[in-house]
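Participant: For the sequence shown, our numbering assigns the number 1 to the initial residue and increments by one for each residue that follows.
Wrong hints could be hidden among the right ones.
DEER-style ranges, computed between Cβ atoms [to be verified]:
{"hint": "1", "residue 1": "S298", "residue 2": "D7", "range": "50 to 60 Å"}
{"hint": "2", "residue 1": "E278", "residue 2": "V159", "range": "48 to 58 Å"}
{"hint": "3", "residue 1": "I102", "residue 2": "E278", "range": "55 to 65 Å"}
{"hint": "4", "residue 1": "P89", "residue 2": "R366", "range": "45 to 55 Å"}
{"hint": "5", "residue 1": "D179", "residue 2": "E24", "range": "22 to 32 Å"}
{"hint": "6", "residue 1": "M1", "residue 2": "R366", "range": "38 to 48 Å"}
{"hint": "7", "residue 1": "R331", "residue 2": "E309", "range": "52 to 62 Å"}
{"hint": "8", "residue 1": "E76", "residue 2": "H51", "range": "46 to 56 Å"}
{"hint": "9", "residue 1": "E278", "residue 2": "I394", "range": "48 to 58 Å"}
{"hint": "10", "residue 1": "I324", "residue 2": "I394", "range": "47 to 57 Å"}
{"hint": "11", "residue 1": "L308", "residue 2": "H51", "range": "45 to 55 Å"}
{"hint": "12", "residue 1": "P327", "residue 2": "L55", "range": "19 to 29 Å"}
{"hint": "13", "residue 1": "Q68", "residue 2": "Y94", "range": "24 to 34 Å"}
Here are the computed lysine-lysine pairs in the PhoX-like style, where the Cα-Cα straight-line distance is at most 25 Å [unchecked claim]:
{"hint": "14", "residue 1": "K173", "residue 2": "K124"}
{"hint": "15", "residue 1": "K124", "residue 2": "K136"}
{"hint": "16", "residue 1": "K364", "residue 2": "K305"}
I should point out that these hints are in silico values taken from the structure, not numbers from a laboratory.
If you're wondering where the values come from, they're calculated on a predicted model, not measured in any experiment.
From the three backbone atoms N, C-alpha and C, an ideal C-beta is built for every residue, glycine too.
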Amino acid sequence: MALVIADSLENATFAASLFDLDYEILPPLLHIEAVLASEVAPDEKGGQIRHGSYLPDHFVKLEEEKLQDFRGTHDEPIGVRVSVRYSTPINAHYPIELSSTIASWEGYTLTIYDSTRWITGERKALAGYLGIAEEKIHILSPLVGGAFGSKSFLWMHVVLAAVASREIGRPVKLVLTRDQMFSSTGHRPRTQQDISLVANADGVIESSEHHTLTETSTVGRFCEPTGLSTRFLYRSPRMVVSHRVARVNLPTPCFMRGPGEAPGLFALEAAMDELADESGLDPVDLRRRNHVDFDQASGKPWSSKHLLECYDQAALRFGWNHRIPAPRSMRRNGVQVGWGMATATYPGRRMAAGCSVVTDADGKVRFSSATHEVGNSVRTVMTQVAAQAAGLAIGDAIFHSGDSHYPDAPYSGASQTTATVGSAVYGAALEWETPRIGVGRSESGFPILQFQHERSGDGGRHHPFQTPSRCRRTVSHNSSVAQPSLKVALAFAVQSDACDQEKYAFSPSVLISARSKSMKRLAVPQ
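Model the full assembly from the supplied sequences, consistent with the hints where possible.
Facilitator: The following block contains the structure:
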């Protein structure tokens, strides 16, 4: 409603308390069921107030991430059947570092210091909001104090800080409170999931259905893709997956720690346990009988899959053969215990990323990319990759991140940073290592770069530099008197459509739960 700018936090807080707001109270729509009676709309874009519900087509517009999907026949087969409904609550991501922004204008150029894990995406979105060129925006986010999903989006406090700074002609610092982060930086939405599994007498699944009802705000567009894993994880000649999003009067949700897989696999794996019970089969045995070595959605083989070996090793180390299926039949040290297991999967993503290399006069080699350090040691990993690929001592390779002036990199999320940015760093290091034997000196004493070979890296495969769709490279000789250096700048675009195999990570997990008269419930990972 209003943004108060002052010369101290105390003054700003006091000034904000003086506002007396008048508003009309209308009946809120806070529950998914409240909009089910309205007509369902097709997929649509966000940005304007809408009500009712809609059917999203894809998660992030990738062909393998369809949210409405079907294969097989329309008639459901006869067999052992389980039909279950699971509900998951709202989850709020709460990193230790508050969402914070400093905005400062110098003429028509904006500098933003922000706690974000997508500086290139934020720069593009800010340029659209403010109506200026991306080149006029410089975003710095060298270290992020915890990210999760909330810091992958451009939230309005960043825009407000930039607008306020432009209005008053001074830098503006805006820090959200803990309370404000619950309503201003997204969350994982509620879901209601209906799953139906049908298996034959041998425990082989013949049909699976996974229908999800979730929610978003009246102005946003986000769907928690809970049914994606159901499309391929287990054998199912007949498969139906659907997602319906209800618009309610709550803040817009967003990515949060395995979006889709976290609530979706909980529901699917619980349903698999129900099917195992109905079929009289061991939960591990049921999953082994429905194992597949290819992606049923695309027909492509997996690049590698060792899930069966994982089942064997987990069962052996856990002592699964000692499990007694009957409830309340196992005790340990006088305490009732129960054993369970589940399968987990997550996509192996890669996107386009760039890396530049600068060799200082003192022999230090600096690698730079517009990625982020969110506390998971990305700088350490990239330094190790660069040093090994270039044949450098670890102390001679330096990695820089968190600056939108560096070559583009995607958001730091979806477990893709090492595979994506690491590939760019690796390729840049190889490209730097090749021509360095051709370094000479000019009459002024500055280094001259002479390339003897040209090559580019794309997901571990090398291509001639003449292949324009694979990468681009610019080479410049920095003749700065203060800091003579060699510079090799590379941008590597990893093209998923060139792959002939699907990439996912699979793993089983086993847990033990205990119960006694004096305790409610204890879950201990084994």
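Participant: Hint by hint, say whether it matches the structure.
Facilitator: These are the hints, each one checked on the structure:
The hinted window of 50 to 60 Å between S298 and D7 holds, with their beta carbons roughly 59 Å apart. At roughly 53 Å, the beta-carbon separation of E278 and V159 lies within the given 48 to 58 Å, and the hint holds. As the Cβ distance of I102 to E278 is approximately 58 Å, the hint placing it in 55 to 65 Å holds. In this structure the supplied range 45 to 55 Å holds for P89 paired with R366, their Cβ-Cβ distance being about 46 Å.
With their beta carbons about 24 Å apart, D179 and E24 fall inside the hinted range of 22 to 32 Å. The beta-carbon spacing between M1 and R366, approximately 46 Å, falls within the hinted interval of 38 to 48 Å. At about 31 Å, the CB distance of R331 to E309 disagrees with the hint of 52 to 62 Å. With their beta carbons about 33 Å apart, E76 and H51 fall outside the hinted range of 46 to 56 Å.
Against the hinted window of 48 to 58 Å, the Cβ-Cβ separation of E278 and I394 comes to about 56 Å, which satisfies the hint. One distance hint, 47 to 57 Å for the beta-carbon pair I324 and I394, holds here, with the actual separation near 52 Å. At roughly 48 Å, the beta-carbon separation of L308 and H51 lies within the given 45 to 55 Å, and the hint holds. The hinted range of 19 to 29 Å is not satisfied by P327 and L55, whose Cβ atoms lie roughly 40 Å apart.
Checked against the hint of 24 to 34 Å, the C-beta distance between Q68 and Y94 comes to roughly 33 Å, which is consistent with it. Between K173 and K124 the alpha-carbon distance is near 21 Å, which keeps this suggested pair within the 25 Å criterion. Distance check on the hinted pair: K124 and K136 sit about 11 Å apart at the alpha-carbon level, within 25 Å; holds. Of the pairs offered as hints, the one joining K364 and K305 is violated, with about 40 Å between alpha carbons and a cut-off of 25 Å exceeded.
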